[in-house]
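A.B. asks: Quick mapping for you: the protein sequence lines, in order, are chains A and B.
Under our numbering, the first sequence has 506 at position 506, and the numbering climbs by one with no breaks.
Under our numbering, the second sequence has 1128 at position 128, and the numbering climbs by one with no breaks.
Note that these hints are calculated values from the structure, not bench results.
Even glycine gets a Cβ: it sits at the ideal position worked out from N, Cα and C.
Where hints are given, some of them may not hold.
Computed spacing ranges between beta-carbons, pair by pair [said to hold, decoys possible]: (1) A:D484 x B:E1123: 56 to 64 Å; (2) B:P1139 x A:S497: 37 to 45 Å; (3) A:S497 x B:L1135: 57 to 65 Å; (4) A:D484 x B:L1135: 27 to 35 Å; (5) A:Q313 x B:L1135: 21 to 29 Å; (6) B:Q1098 x A:D464: 27 to 35 Å; (7) A:V344 x B:Q1098: 30 to 38 Å; (8) A:L319 x B:P1054: 57 to 65 Å; (9) A:T314 x B:P1139: 21 to 29 Å; (10) A:I496 x B:Q1098: 46 to 54 Å; (11) A:E405 x B:K1126: 20 to 28 Å.
Below, each chain spelled out in residue letters.
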Amino acid sequence: MNWLDRLPIRTKLTLITVLICTLSLFLASAVMVTYDNHTYRVQKQKEVAAQAEILATRMVASLEFDDPNAAQEYLNPFSLNPEIAAAAVYTAKGKMFASYSRSGARKASKTSESIGHHYEGNELMVFWPVLHDQRQVGSVYLHAITEPLTNRIVRFSGVAFIALLVSLAITLPIAMRIHYAIANPVYARSLIEASLDPMVAINPDGEITDVNAATIKIIGKDRTELIGTDFFKYFTEPDNARQSYEQVFANGFVTDYPLTIWRSDGSLTPVLFNASVYKDERGKVLGVFAAARDVTAQKQAEKEIRQHAVALQTANQELEAFSYSVSHDLRTPLRAIDGFSQAVLEDYSGKLDDQGKNYLQRIRSATQRMGQLIDDMLDLSNIARVEMRHNTVDLSALAQDVITELRNNEPNRVVECHIEPELFAEGDTSLLRVALSNLLGNAWKYSSKTAMPVIKFGMTQDKDGKKEFFVSDNGVGFDMAYADKLFGAFQRLHSISEFPGTGVGLATVQRVIHRHGGSIRGEGILGEGATFYFSLPE
Amino acid sequence: MKSKIILLVEDNPDDEMLTIRALRNNNIQNEVVVARDGQEALDYFFKKTGEDNPLPAVVLLDLKLPKVNGLEVLQRIRNDKRTNLQPVVILTSSKEEQDIINGYRLGANSYIRKPVDFSHFMEAVKQLGLYWLILNELPNAQEQAK
């Protein structure tokens, strides 16, 4: 029954119409066929009996004069009648006098049978008395073949089928009109019942006149308990609910009116009400149709979002406080270590041998390096914290600035620099400057031991055809086996004595690019150079 | 004329000693008054002890201080008509953007970050001393009080 349940109500009604039409026509046809067959048989029997009577009259003389040849001559013309398969004449004593039978047909019996008629299937046998002066002088026999019943049924069925088509052609459109009129309200009602939002109709006195299943569920009372009761009493603030109702009458509608439903078991459901007036066909206001939306989940979600926001803010404040403290407090003792080491070197230089002085120098340089690490770490955390200001950034100009600065810092180095002009990107200028300054600074640094250093900044396309910027150098490069360590904070692929640095440069670059929603990767060949590709959303 | 006074507001004894050492090493022999927290600094200016302390040529002000923090000390100095023209140099470990902005907003005359490297620190203190004690002209003390 499942597939039947799933059919639309209109299809069901149409199916019923077709079924009833067909069934009634079939029954009518069956009755007709039966009646017609009966009539036909009686008719045939009368016809054959009439022929037998005529034959009997003619046979009187032949029988009286015992002239079978004359009788035979009366029988022979039956060959012209396709209905008659056999005929015979019998004497008064029942002996066969004369007979005729069509070739292939059953022969008449040798002796007479009792007067009367009977059917064998569609074959009719008639015995008729031959009378002369109130005296039976013999009998005649006729064997007629009537039309088979099946022929008639087939013919009738054809007619009935045409009749069915004609009647369906007439009744279906009418039926469908009626179905539409019936199905529409049922369909509309089923939609209202299917709604997960509680829906209520309220009359101008504020009484509930209709509810759907969702209303029953949310209030926790039956339909019969609800209908006729005061609508407002189901809310935590009945006056507020009444006010919303009056607002509907004043404006014709309310949207997203917040109320709280008071369930019969005491639990509360926050909802938003949307309601409008409904009218009869003449425009008279009949009442208010209201639909509520259960916003428990939204309220819960909002609460969670607020909690998350507070937690995030707390975490950010803690991070802020932490880096503030690092910035102030971690550097102070370092300065003391470095300062007093220097003081010892200055004031007690005569009492120290070279090794002692060397140790103090080592303390000093380690201290300074620690200072640098703290500064870089703070810069890195700062990159994640600063507010971004988006605008169009001229990356080519930024790169040029950085190169100029690098040249000024080391005027003795000869480096060939190629900067592709007019490369623009959307982003935060100062953050992108930090990124380019680190990338170009690395290129500058790691090509310092190359004979003819070449640094390039430009744009290319990745394998998917996406725009990518790149910074390349022909310096020491790196082993791709360590590529996953490139962007980790404080990760270095070279020793400090070889190339100085703290290992936060690329971590900083990655953080900048990620904050812009872009991506970065590095490719290198040991001894041949490195290229860093980065993309920025357009 | 009495020699110009430096008011050093510094809670860390190491930094105090290193700052004074840096001054002396650079041949700046002016009197250095040390306030070891924010309250002591305010007391130098505002506490009634019979005779008012002379206004320093410059205040070297650390920010992270016990009791009353450096920015609040600065604010109180600027809000008092006796001291609102007082040159104040913030000399601190931090280079937090917020500290720099707030320092200038409250009327700091300068913001110097103490370098970890003592050689750099020496250089910074030397420049400070030269600038504020020798090059810079101060407003008349009586004018300030008006």
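A.B. asks: What are the numbers of the hints the structure violates, in ascending order?
C.D. replies: 1, 2, 3, 4, 5, 6, 8, 9 and 10
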